[in-house]
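*Asks:* Chain A is already provided as a structure; the job is to place chain B on it using the hints.
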Amino acid sequence: MNPSTNIPLTEPTYFILLSLSPKPKHGYAIMKDVQEISENRVTLSTGTLYGALKRLLDQGWIIRMEEKSSSRDRKVYKLTEHGQRVLNEEIIRLQNLLMAAERRVLEEPA
Amino acid sequence: MNSLQRIVEKLYRLILRAYPPVYLETFGDEMQNTFTEGLKEANSQGKFIPFILQELYDTPKALVITYWYGWRQKVAGGIELLQQATSSSDLPPAPPDGRTSWWQVLLEISMFLIVGLFLILATYFPLPGLHPGWQRNAEFLGNIILPLTVPFLIFGLARGLPRWTYPLGGLLLSYFGLIAGQTSLWLFLTIMLFASAILIIVAILTDPQPSRLPIPLRRIGQSLSIGWTRLSFGVFGAMPLIILMAFDDAHANNRTPYFALSVLAMIASVLFYCRSQNINTQISILLTGLTFSILGAWIDTISFSSGLTSWTTVTGFGIESIIWIVFLWIQWVTIILSPLVFTLFSNVVHVKRAM
Chain A
-17 MNPSTNIPLT EPTYFILLSL SPKPKHGYAI MKDVQEISEN RVTLSTGTLY
33 GALKRLLDQG WIIRMEEKSS SRDRKVYKLT EHGQRVLNEE IIRLQNLLMA
83 AERRVLEEPA
Chain B
13 MNSLQRIVEK LYRLILRAYP PVYLETFGDE MQNTFTEGLK EANSQGKFIP
63 FILQELYDTP KALVITYWYG WRQKVAGGIE LLQQATSSSD LPPAPPDGRT
113 SWWQVLLEIS MFLIVGLFLI LATYFPLPGL HPGWQRNAEF LGNIILPLTV
163 PFLIFGLARG LPRWTYPLGG LLLSYFGLIA GQTSLWLFLT IMLFASAILI
213 IVAILTDPQP SRLPIPLRRI GQSLSIGWTR LSFGVFGAMP LIILMAFDDA
263 HANNRTPYFA LSVLAMIASV LFYCRSQNIN TQISILLTGL TFSILGAWID
313 TISFSSGLTS WTTVTGFGIE SIIWIVFLWI QWVTIILSPL VFTLFSNVVH
363 VKRAM
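Protein sequence lines, in the order shown, are assigned to chains A and B.
Each residue of the first sequence is one higher than the one before, counting from -17 in my numbering.
Each residue of the second sequence is one higher than the one before, counting from 13 in my numbering.
FYI, nobody ran anything at the bench for these hints, they're computed from the structure.
Ideal Cβ placement from N, Cα and C applies to all residues, glycine included.
Please note: incorrect hints may appear among the correct ones.
One side of the interface only, derived from the structure: several residues of chain B facing chain A at Cβ under 7 Å [stated by the list, open to error]:
#: 1; residue: Met43
#: 2; residue: Thr46
#: 3; residue: Glu49
#: 4; residue: Asp70
#: 5; residue: Ile77
#: 6; residue: Gly82
#: 7; residue: Glu332
#: 8; residue: Ser333
Bound-form chain A, shown alone:
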């Protein structure tokens, strides 16, 4: 499936994928990380987070697995290759938007 057909992403989806990009995380870690990387702009509630995770799982953008280092029966979520491609496409799209805005601002006379 072509990743560009899935973009633009909604803000919560974007931040969840971004949060999972470096390494797999469990639900609460994602919740905290999203809050941190969005500089407290996006605060996910438990229901919203798991609703989003369910949809991302169904789309095959993330997978769910047992946490290896945990003594508790805890699940972590990992970005799939397809999910990473979708995220990369979205980042490129956002960069292009930003560059277009920068060009226009620089062109404008002071």
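*Replies:* Chain B in isolation, oriented as in the chain A frame:
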């Protein structure tokens, strides 16, 4: 605060029960753990109340989205199953239609030609043996409609429901609707038809091995899957009866040319429909045919006293007659357009974005 925290945790466990059981089975414990961790940290940071408020605010929204998403997935799965069940490659190819062959056009238009010719002859050149008011005589209409439709419908079903069978079905069903309406059995018939349709869909959706479905049912699905406008074309098969209903004074006022024009509009629109390749054009043609046919009946009820700008209703008909015709038009436009709802429906359930 610990006891309050425990109470809130228990309350959240109760709230979680509102989620769909399958969802809860997968994510229930995780959600509870995540909530508890969040609650503990919020408590330690003095943000206990904002955290609870945020959860309370978001939970109804998350619940609605979860149920909506689950429902969309079920419908999408059902539609996929229907498509698998009806478009299997082991079926013989669907019969051709008028888009590719003039011979098929002739077959598809034949019912309209025969009935149209009869209507014109019976209206303008009273046939021997025809009693006045035959337009409202259900028994007389049945004697024409049943032999004209039933044998060919059975033959068509055996041949994989080619497009020419659809208007025959429409005419037959509208005739049953007419007699049911006259005998107050319409509600019973509607319920039976609705229940049968639901049963067929349920049978298809719940069959774990679609290939086990009876071949005739799969061939009907195969024929329908070619284009939803076929159902609209089937509904258009009721046009001869609609024209008779619209010209409810035909037995008394049978010399105006508008009746013949309405019949010709019906036949012309069917001809254009049969050769048209595009769904939008097909639907537009059917609606135009319906509109012109009913417009003929409307003009038939008015009298142009001094040119087109000054008209009055013909004595004895009044405004009620015009309202009735407009109502008839709205009713049948809705019915003809209704199969398109399926197309819109299948578009809605396609999940393109994660959120």
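*Asks:* Enumerate the violated hints, using their earlier numbering and listing them in ascending order.
*Replies:* Numbers 6, 7 and 8, in rising order.
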